[in-house]
Amino acid sequence: MGRTPVVVLDNGASTIKLGVSNAGKDVRVIPNAIIRSKGDKTTYFGEEFEACRDFSSLNYRLPFEKGYLVDWDAQKAIWDGIFSEQVLRVDPTAASLLITEPYFNLPGIQEVYDQFVFEEYEFLSYYRCSPAALIPHGQLFSIAGIPSPECMLIVDSGFSFTHVIPIMDGAIVWPAVKRIDVGGKLLTNQLKELVSFRQWNMMDETHIMNDVKESCCYVTSQFAADIEATRANPKSNTILQEYILPDFSLNKRGRIRKPDEMTLDSDQILYMNNERFSVPEILFRPDDIGLPQSGIGETIAQSIALLPDDIQGMFWANIGLIGGNTKFHGFSARLLSELRPLAPVDCEIVIYESKDAILEAYRSAVHLAKQAAFSSLVVTREEYQESGSNACRRKFKDWRSADKEKDGPVDSGKGKASMRRVDEKEPSPPPSAKPVRTRTRTVSAVKRR
Amino acid sequence: MPPRRHQPARQAQAASQSLDAEVLAKRAKRRLDELERSNYAEPSVSYLGLEDDEDTGKSGKGRARQTISDKRILTGAGTKRRKSTMNIRTAILYRKNLTTLIDESGIADYSTNIPTYITAVTGPSQAPPRLLCSVCGYWGRYKCKKCTMPYCDLNCQGVHDETRCERRVL
Chain A
81 MGRTPVVVLD NGASTIKLGV SNAGKDVRVI PNAIIRSKGD KTTYFGEEFE ACRDFSSLNY
141 RLPFEKGYLV DWDAQKAIWD GIFSEQVLRV DPTAASLLIT EPYFNLPGIQ EVYDQFVFEE
201 YEFLSYYRCS PAALIPHGQL FSIAGIPSPE CMLIVDSGFS FTHVIPIMDG AIVWPAVKRI
261 DVGGKLLTNQ LKELVSFRQW NMMDETHIMN DVKESCCYVT SQFAADIEAT RANPKSNTIL
321 QEYILPDFSL NKRGRIRKPD EMTLDSDQIL YMNNERFSVP EILFRPDDIG LPQSGIGETI
381 AQSIALLPDD IQGMFWANIG LIGGNTKFHG FSARLLSELR PLAPVDCEIV IYESKDAILE
441 AYRSAVHLAK QAAFSSLVVT REEYQESGSN ACRRKFKDWR SADKEKDGPV DSGKGKASMR
501 RVDEKEPSPP PSAKPVRTRT RTVSAVKRR
Chain B
767 MPPRRHQPAR QAQAASQSLD AEVLAKRAKR RLDELERSNY AEPSVSYLGL EDDEDTGKSG
827 KGRARQTISD KRILTGAGTK RRKSTMNIRT AILYRKNLTT LIDESGIADY STNIPTYITA
887 VTGPSQAPPR LLCSVCGYWG RYKCKKCTMP YCDLNCQGVH DETRCERRVL
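In the order they appear, the protein sequences are chains A and B.
If you want the working numbering, it's the 1-based position in the first sequence plus 80.
If you want the working numbering, it's the 1-based position in the second sequence plus 766.
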């Protein structure tokens, strides 16, 4: 087992982070999308997108919907490419796989993951878990000389949504995991809409607007002051930025105009004023766009309130940020200022930022894959052939493992796999009839909800 | 000559109360659905949800199902074109949207002490909602009498009346 290469696949809704554990440091970040470029008259699958030259009016087909994998046709087309010899340079049938899945992944979807891994690509063995579950194996909290904390709270703000995930002794405390339905996709769409209404019609230019978002937007710590500042006359407005839009002939990439830079007549300028901070603001105030949910600060407080009283302070003191949205300038400063009034006065609040928030889960995964203990986590192909998805269900700890006795209502309707291999241990009839026998590991966390 | 804007603020509030909360919730929901689309191009008065979003590949009753994964030809990947198993074909051909999958998974019936996708959503905010001008993004001190969208001054009200007003209200 020790010599088996481990393919590490952080399968995000926006980008796939891919590498092999024993092949040095190189990681590939590949769009998890099938992208049609009108200008190039070509359709790009996943990793082929780097050949794209004309980024105007791209059409996206994404395998994920609201963070969950629903379009397996598209996903297979992309995976076929990355598991091929050109990209991965590893034979899946002689390799192990570590793949990430979304939090609270649905049982029915998990089964299809298992099927693809073993039946389509025929990996030797595999391990599936959520990104935050990998963080304890990584270096996000590492300070020289201090062992990594037993309690930590991960904020994972990605493309589809934002989660707050408490982790105790290396295991996720699922009853206290909370979700905000705001992610990078929504932010880009919101920016697109604002800009299209106020200036240029950019509704078709998701790619460009995503770049505008990443280069211009920031999180403000003084919303009221900044919104006044953007009303001031342009000379004294320090927030206003001019983004020179790409035209895909002379300038391929858009850029922010530097203070003394001359512009050509042909340049199209996009003025970024209060859009710069009012878009990321949605992460902290989802109700600004009519989404009746709390922002990140309040959600962290809600999550910590569900944890055992005596150790809550440990979570306040170990907050880690991962996911692309946490890269917004000013994110952690704002979060700290939101959390301070919500935490008990005697609590210390420490926020750990990742050097590379998008790759943090991937790098942690590589660390895990290198450990000897990894081989005890995986489900092997033999085990799958023996008992199908049940093998994975028993072994992978996810949100249902708080409740192991109840494995019942997973095969909804089309359980063809499980019909072939009937698991004797599981005669429970589908839906509704559920024994309410729970074995929750964090008893004190189960308060009313 | 603009009429005096004294009362309208108060009237707007009255209007917002008379507009059904249900209608407003529906409008907010539709807007959020739009923001989740992959190719959000036109803030359309949508055609029953998101289906127009994703292209070609799927269904259309009667039409032969085309899959994009079969169309992809990998160069150099060799001749290894095995037939996929039944499970894989099923997953590729019968795409279900998330709402259906959630329904089928039965997580709505799980007992309340088991955390699921449904229970994990964060609670509503304690803070009162802020009103921001739907035109320029500044504080929205007033609300449109017809559609309750906030705006900040006469200027933005004019823009609002000409463009956005009532488009989103049923």
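Bear in mind the hints are in silico, worked out from the structure with no lab data behind them.
Treat each hint with caution, since some may be false.
Below, simulated EDC-like cross-link-like pairs (lysine to aspartate or glutamate); rule was C-alpha separation at most 20 Å, straight line [as the list claims (entries may be wrong)]: (1) B/Lys792 to A/Asp367; (2) B/Lys792 to A/Asp368; (3) B/Lys849 to A/Asp171; (4) B/Lys792 to A/Asp261; (5) A/Lys121 to A/Asp284.
The hints, checked one at a time:
1. B/Lys792 to A/Asp367: 15 Å, holds
2. B/Lys792 to A/Asp368: 16 Å, holds
3. B/Lys849 to A/Asp171: This hinted pair holds, its Cα atoms lying about 18 Å apart.
4. B/Lys792 to A/Asp261: 17 Å, holds
5. A/Lys121 to A/Asp284: 16 Å, holds
Of the numbered hints stated above, none is contradicted by the structure.
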